[in-house]
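So the chains spell out like this:
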Amino acid sequence: MGRTLPSITQAFLQEQSSLARFRRALRREDQLALDDLLADARRHLAAAAYASHLLPFEVMLLAMLVEEHKAVIDLRRRLDDLEGTAETFSSPRLTPPDSDRTDA
Amino acid sequence: MAVWFLDNDGHAVPLLDHFTPAFYARGPQADLHDVCQMLRAQRAPVDLHRTERRDLFLDQQVEVLEVGVRFPAQLQRLQRQVAEFRPHLTYYDADIPLPQRYVLARGIFPLAYCRVEHADGRLTAVEALDSPWDAEYRLPPLRVMTLRLDGELRNPARGYRSDLLVDVGGQSYIFKRDQGRQLLLGVRHLLEQHDPDLLISAYGDSFILPRLIELSRHYGLPLPLNRDHGQAVGHKRAHSYFSYGKVIFRDEQHTLFGRWHIDRQNAFLADDYGLDGNLEIARLTGLPVQTVARVSTGTGISAMQVATALRRGVLVPWQKRQPEALKTGLDLFAADKGGLVYTPIAGLHEHVAELDFTAMYPSLMVHFNLSPETVKAECCPGVPVPELGTPVCNHRQGLVPETLAPLLEKRARYKALMRALPEDDPRREVYRRRYSAHKWLLVTCFGYLGYKNARFGRIEAHEAVTAYGREVLLQAKEIVEARGYRVLHMYVDGLWIHKPGARGRPDYEALLDIIKDQTGLPIELEGVYRWLAFLPSRTEPRVAVANRYFGAFQDGSLKIRGIEARRHDTPAYIKDTQLHILEILADGRDVAGFRALLPKAVAYATERLRCLRAGQAPAKSLVVQQRLSREPEEFRVRTAAARAVQQLLGAGIPLSAGEQLRFLYVPGPEKVRAWDLVDQAVPYDVEAYTELFLRAVESLLAVASVDRSMLENWLLAGAGYWGPPGVLPPPGADPRMPLLAARRRRKAAAQPTPMSAAAPQNRYAEHWGRRFP
Chain A
1 MGRTLPSITQ
11 AFLQEQSSLA
21 RFRRALRRED
31 QLALDDLLAD
41 ARRHLAAAAY
51 ASHLLPFEVM
61 LLAMLVEEHK
71 AVIDLRRRLD
81 DLEGTAETFS
91 SPRLTPPDSD
101 RTDA
Chain B
1 MAVWFLDNDG
11 HAVPLLDHFT
21 PAFYARGPQA
31 DLHDVCQMLR
41 AQRAPVDLHR
51 TERRDLFLDQ
61 QVEVLEVGVR
71 FPAQLQRLQR
81 QVAEFRPHLT
91 YYDADIPLPQ
101 RYVLARGIFP
111 LAYCRVEHAD
121 GRLTAVEALD
131 SPWDAEYRLP
141 PLRVMTLRLD
151 GELRNPARGY
161 RSDLLVDVGG
171 QSYIFKRDQG
181 RQLLLGVRHL
191 LEQHDPDLLI
201 SAYGDSFILP
211 RLIELSRHYG
221 LPLPLNRDHG
231 QAVGHKRAHS
241 YFSYGKVIFR
251 DEQHTLFGRW
261 HIDRQNAFLA
271 DDYGLDGNLE
281 IARLTGLPVQ
291 TVARVSTGTG
301 ISAMQVATAL
311 RRGVLVPWQK
321 RQPEALKTGL
331 DLFAADKGGL
341 VYTPIAGLHE
351 HVAELDFTAM
361 YPSLMVHFNL
371 SPETVKAECC
381 PGVPVPELGT
391 PVCNHRQGLV
401 PETLAPLLEK
411 RARYKALMRA
421 LPEDDPRREV
431 YRRRYSAHKW
441 LLVTCFGYLG
451 YKNARFGRIE
461 AHEAVTAYGR
471 EVLLQAKEIV
481 EARGYRVLHM
491 YVDGLWIHKP
501 GARGRPDYEA
511 LLDIIKDQTG
521 LPIELEGVYR
531 WLAFLPSRTE
541 PRVAVANRYF
551 GAFQDGSLKI
561 RGIEARRHDT
571 PAYIKDTQLH
581 ILEILADGRD
591 VAGFRALLPK
601 AVAYATERLR
611 CLRAGQAPAK
621 SLVVQQRLSR
631 EPEEFRVRTA
641 AARAVQQLLG
651 AGIPLSAGEQ
661 LRFLYVPGPE
671 KVRAWDLVDQ
681 AVPYDVEAYT
691 ELFLRAVESL
701 LAVASVDRSM
711 LENWLLAGAG
721 YWGPPGVLPP
731 PGADPRMPLL
741 AARRRRKAAA
751 QPTPMSAAAP
761 QNRYAEHWGR
771 RFP
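Those sequence lines, one after another, are chains A and B. Counted the way our numbering counts, the first sequence spans residues 1 to 104. Counted the way our numbering counts, the second sequence spans residues 1 to 773.
Honestly, the hints are just simulated from the structure, not real lab data. It should be emphasised that the depicted structure is a prediction, and the values quoted were computed from it without experimental measurement. Ideal Cβ placement from N, Cα and C applies to all residues, glycine included. You may find that some hints are simply not true.
To be verified - Short derived list, chain A residues pointing at chain B, Cβ under 10 Å:
1) Asp35
2) His44
3) Ala46
Extracted from the complex, chain A is given alone in its bound form:
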């Protein structure tokens, strides 16, 4: 329908194509890592759209960080499990505060 502004997906694709030269100059293995990061950003387009941030790239960077940090938390937890030393790190809480409530 007659939208005046580009949709968030279009904005994302624009940002992605503006990185084309940067990506081209990277080594193959680095290119693959960059593609992973961009895919991470893409997972949060709905939130980025809702945010209506003037600079979508900032939100994209943050979305990448969110995914990276989730991976860190996950790895940290697995490491804890392997070493049998749970709760060594002050990791942020993974479960929502009242998820053990069973009222629903």
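Guided by the hints, dock chain B onto chain A, whose structure is given.
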């Protein structure tokens, strides 16, 4: 005005009624005076009055000139003439269809059960004894005559010719196509003998009726297609238009006077809501049945808004001039957005519940009073819209909410009626069709709110609806997350959620009530899935897309979106295969059950593929159907569609954008053959169809980490590495490195499957795509 009634014995009775519709003009006194002078000077059949009426957007009475036209058919012409004479005046009520105006003025509606008083062929009093809001009503006893070409249903515009087959009064008659005079006399005889109320045809609009009229002219024999012999058959030319990214083709139209003609091949949504839905919409909207059958439901909802306006005594603007109000770039940035569309968490999940807000956008309009005249109203401080802050008046009900509220209510009643009946009750289907008609009316009401040419559209109201939609969906997300559910996906008005342990309908009742209470909107549990797969994007396999998924509900029924089986251009053979594989997998109670049934599904697919490759699939089931996206001469690239178009044009068959195109992939340099030109058995291109077949199966099995090479081994070679075809690698094994698996298997034996993304210990399993790209 001639009004046709059916009496209790089924006889058609025409009655004349005197009816003086009016249009209105507003502006400087001097100009209105000039208009009066002009009309009087040419002795136009008009009654002129100065009067006061209500303007919707000004929210006050305004002084207007009322021009009553004594011959209703002349209203349009006179109004155009006046508008040319004084173009800067504001005109109202100028283009409301006459039949609708008439029924509104008399307080009746199409198909109403009426008490009628008449004398000397003139109507003296009429009163409706039932209401368009009744869910159950008696329909007049209609005598139906069907007309179609004998044999397989094919489009005569593509050169198909056959004898004429007429069904009426429980008997079939065939008229030879090469004996025009007998054919004409035969049809005339049947029309006179049976006097049908409704002609239902296949390709009557574009072929049968125009040919009959031509024959009647050629032989000089009058054909009483109309009951009203004073009128010629109504005709509208074919056209193509652009709607929601699609080119739509509407064939020419032939409408009758005193009886109806509906062409099933040219009717809007004939397959979905059919005649029952059609009659329901005619009753609700006041539009004639023949019109309803040929226009989109958007026209219907627009007509209902006009009816609300007329009932309220509000003027209906003609050629509305209301530009979008000025807003800053930042405001535009905040407002110019649609509903929230999330990226789902890719992979196969189990015990997922889908919650849907019922008719979300219309419900929002009713609940938050969103209407063109209430959004940004200056009459009161109002309630601010979330995100945007636009005030919405809350002291008078808007025109759009007033129109929609009873529709929502009646739709809910049909749903309840439908559910209360047993599965095999024939009334169920009637209710389903009427329910579907309501659904389509409600679907279009949102688009019309944002359409600048819609009479009751306003972009700010449209933006307010989407803003409220986002707000309500996020509220629902917060409510479910606070109760320990994980949100797998959200899509405008639906949420897909999961919580370990929550498996059945009863687990969600309380949750639904809380969301209903807090948001004020009705929400329903669409169902709980045994398993559900969100598929990755074709262009970016690392990320899932919002509208490609399939799953099996607990009752074994399937919900499928975005895969080949849902696409119109997928050949029936492949569609059927895909659906049947899904039916096999739907027996699996959870993710493990899904995986366990893969060998059975693969065995079925292998057999189907064998038939296909042996040339045993019926050519008809391999026809690809596409909508022509552009005019034939605009094709630049030699796509399959372009080749088929060229063949048809070469055979002298004209095509327009938006028309359906059907073709078959054939071997050799020709590549495709237009289906309309196939008259004998032709071999099909086995490799092309194998490719389509494998892609369709891969769409289903990729969620179980089945890649293309594994699939080819299974289906084409009948070989499987881990067991018979369909048996998956053991948990923890990387299918690309099978020899490493033996070692891994021992290690992984104690661990649960990593595939089940919904398993609680695997919270961030959306990285699934990263590990198995």
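Which numbered hints does this structure break? none
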